[in-house]
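Participant: All chains, please: the whole structure from these sequences, using the hints.
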Amino acid sequence: DSGVTQTPKHLITATGQRVTLRCSPRSGDLSVYWYQQSLDQGLQFLIQYYNGEERAKGNILERFSAQQFPDLHSELNLSSLELGDSALYFCASSPEGNNQPQHFGDGTRLSIL
Amino acid sequence: QQPVQSPQAVILREGEDAVINCSSSKALYSVHWYRQKHGEAPVFLMILLKGGEQKGHEKISASFNEKKQQSSLYLTASQLSYSGTYFCGTRPSNFGNEKLTFGTGTRLTIIP
Chain E
1 DSGVTQTPKH
11 LITATGQRVT
21 LRCSPRSGDL
31 SVYWYQQSLD
41 QGLQFLIQYY
51 NGEERAKGNI
61 LERFSAQQFP
71 DLHSELNLSS
81 LELGDSALYF
91 CASSPEGNNQ
101 PQHFGDGTRL
111 SIL
Chain B
1 QQPVQSPQAV
11 ILREGEDAVI
21 NCSSSKALYS
31 VHWYRQKHGE
41 APVFLMILLK
51 GGEQKGHEKI
61 SASFNEKKQQ
71 SSLYLTASQL
81 SYSGTYFCGT
91 RPSNFGNEKL
101 TFGTGTRLTI
111 IP
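Top to bottom, those sequences are chains E and B.
According to my numbering, the residues represented by the first sequence are 1 to 113, in order.
According to my numbering, the residues represented by the second sequence are 1 to 112, in order.
The set of hints was computed from the structure by calculation and includes no laboratory data.
As the structure is a prediction and not an experimental result, all values here were calculated from the model.
Among these hints, one or two may not hold up.
Claimed, not checked - Not close to chain E: a few residues of chain B, all C-beta gaps over 12 Å, as computed: (1) Gly15; (2) Val19; (3) Ser63; (4) Lys68; (5) Gln79; (6) Ser83.
Stated by the list, open to error - Here are the simulated SDA-like pairs of lysine to any residue, each with C-alpha atoms no more than 20 Å apart in a straight line: (7) B:Lys99 with E:Arg109; (8) B:Lys37 with E:Gly52; (9) E:Lys57 with B:Phe95; (10) E:Lys57 with B:Asn21; (11) B:Lys99 with E:Gln44; (12) B:Lys50 with E:Gly97; (13) B:Lys99 with E:Gly52; (14) B:Lys26 with E:Asn99; (15) B:Lys99 with E:Asp29; (16) E:Lys9 with B:Ile47; (17) B:Lys50 with E:Asn99; (18) E:Lys9 with E:Gln100; (19) E:Lys9 with B:Val43; (20) B:Lys99 with E:Glu62; (21) B:Lys37 with E:Pro101; (22) B:Lys99 with E:Gly58; (23) B:Lys99 with E:His10; (24) B:Lys37 with E:Arg109; (25) B:Lys50 with E:His10; (26) B:Lys37 with E:Glu75; (27) B:Lys99 with E:Leu30; (28) B:Lys37 with E:Gln67; (29) B:Lys99 with E:Asn99; (30) B:Lys37 with E:Ser38; (31) B:Lys50 with B:Gln70; (32) B:Lys99 with E:Gln67; (33) B:Lys99 with B:His38; (34) B:Lys37 with E:Leu39; (35) B:Lys59 with B:Tyr82; (36) B:Lys37 with E:Glu62; (37) B:Lys26 with E:Gly58; (38) B:Lys99 with E:Lys9; (39) B:Lys37 with E:Leu88; (40) B:Lys99 with E:Gln100.
Backbone N, C-alpha and C fix where the C-beta goes; we use that ideal spot for every residue, glycine too.
Facilitator: As structure tokens, this is what we get:
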């Protein structure tokens, strides 16, 4: 158990819809990262938040947005969903410091029908 | 720039040794190694920082050659539990807004 909690575990929805993925980081971790992993692919970095502020951005689509709340949990919002958005979405958290281990949650599997 | 991992896949018998390589076209500050079993979350293995140090964790160790912009992960006397996909992640600097970029992964299968 990494201590990072992601909900829901599975999400099935249709094209054009909007969904929200939630992540609670490990106790004490200030950084939250979001990754997308398509079938048998690598981990594509989407975005990082540190203590409520956006710190780094990857190839995140304009249809996607995220935020980190004062209690440090984070949400990833995906809108106008397309078939290609079907993937495993991971959240990870780490303590303060640039080269700390990232601890991953179990992921949310998003299926677009 | 995404680091390149080699080999893409390898099958070994239990007890054999494996080497997984990670190369970057950019200068590196740090290399991070993770293992992901099928259907599970990636799990942290180790971080190597600029300086060419070698790290070890039981029978898994790694080296980092900053001049060659390469890192290698060594798995000695592999066990069935070592099966999974290994990812390296690289950071070109120590700036706070520098993201970790993961390679495409190396699938390791250990057979009895």
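Participant: Hints first: check each against the structure and report whether it holds.
Facilitator: Evaluation of the provided hints:
no. : hint                  : in the structure
1   : Gly15                 : holds (28 Å)
2   : Val19                 : holds (20 Å)
3   : Ser63                 : holds (17 Å)
4   : Lys68                 : holds (20 Å)
5   : Gln79                 : holds (22 Å)
6   : Ser83                 : holds (15 Å)
7   : B:Lys99 with E:Arg109 : violated (23 Å)
8   : B:Lys37 with E:Gly52  : violated (31 Å)
9   : E:Lys57 with B:Phe95  : holds (14 Å)
10  : E:Lys57 with B:Asn21  : violated (27 Å)
11  : B:Lys99 with E:Gln44  : holds (11 Å)
12  : B:Lys50 with E:Gly97  : holds (16 Å)
13  : B:Lys99 with E:Gly52  : holds (17 Å)
14  : B:Lys26 with E:Asn99  : holds (18 Å)
15  : B:Lys99 with E:Asp29  : holds (17 Å)
16  : E:Lys9 with B:Ile47   : violated (29 Å)
17  : B:Lys50 with E:Asn99  : holds (11 Å)
18  : E:Lys9 with E:Gln100  : violated (26 Å)
19  : E:Lys9 with B:Val43   : holds (18 Å)
20  : B:Lys99 with E:Glu62  : holds (19 Å)
21  : B:Lys37 with E:Pro101 : holds (18 Å)
22  : B:Lys99 with E:Gly58  : holds (8 Å)
23  : B:Lys99 with E:His10  : violated (27 Å)
24  : B:Lys37 with E:Arg109 : holds (16 Å)
25  : B:Lys50 with E:His10  : violated (39 Å)
26  : B:Lys37 with E:Glu75  : violated (25 Å)
27  : B:Lys99 with E:Leu30  : holds (15 Å)
28  : B:Lys37 with E:Gln67  : violated (29 Å)
29  : B:Lys99 with E:Asn99  : holds (10 Å)
30  : B:Lys37 with E:Ser38  : holds (15 Å)
31  : B:Lys50 with B:Gln70  : holds (11 Å)
32  : B:Lys99 with E:Gln67  : holds (17 Å)
33  : B:Lys99 with B:His38  : violated (25 Å)
34  : B:Lys37 with E:Leu39  : holds (14 Å)
35  : B:Lys59 with B:Tyr82  : holds (10 Å)
36  : B:Lys37 with E:Glu62  : violated (31 Å)
37  : B:Lys26 with E:Gly58  : holds (17 Å)
38  : B:Lys99 with E:Lys9   : violated (26 Å)
39  : B:Lys37 with E:Leu88  : holds (14 Å)
40  : B:Lys99 with E:Gln100 : holds (12 Å)
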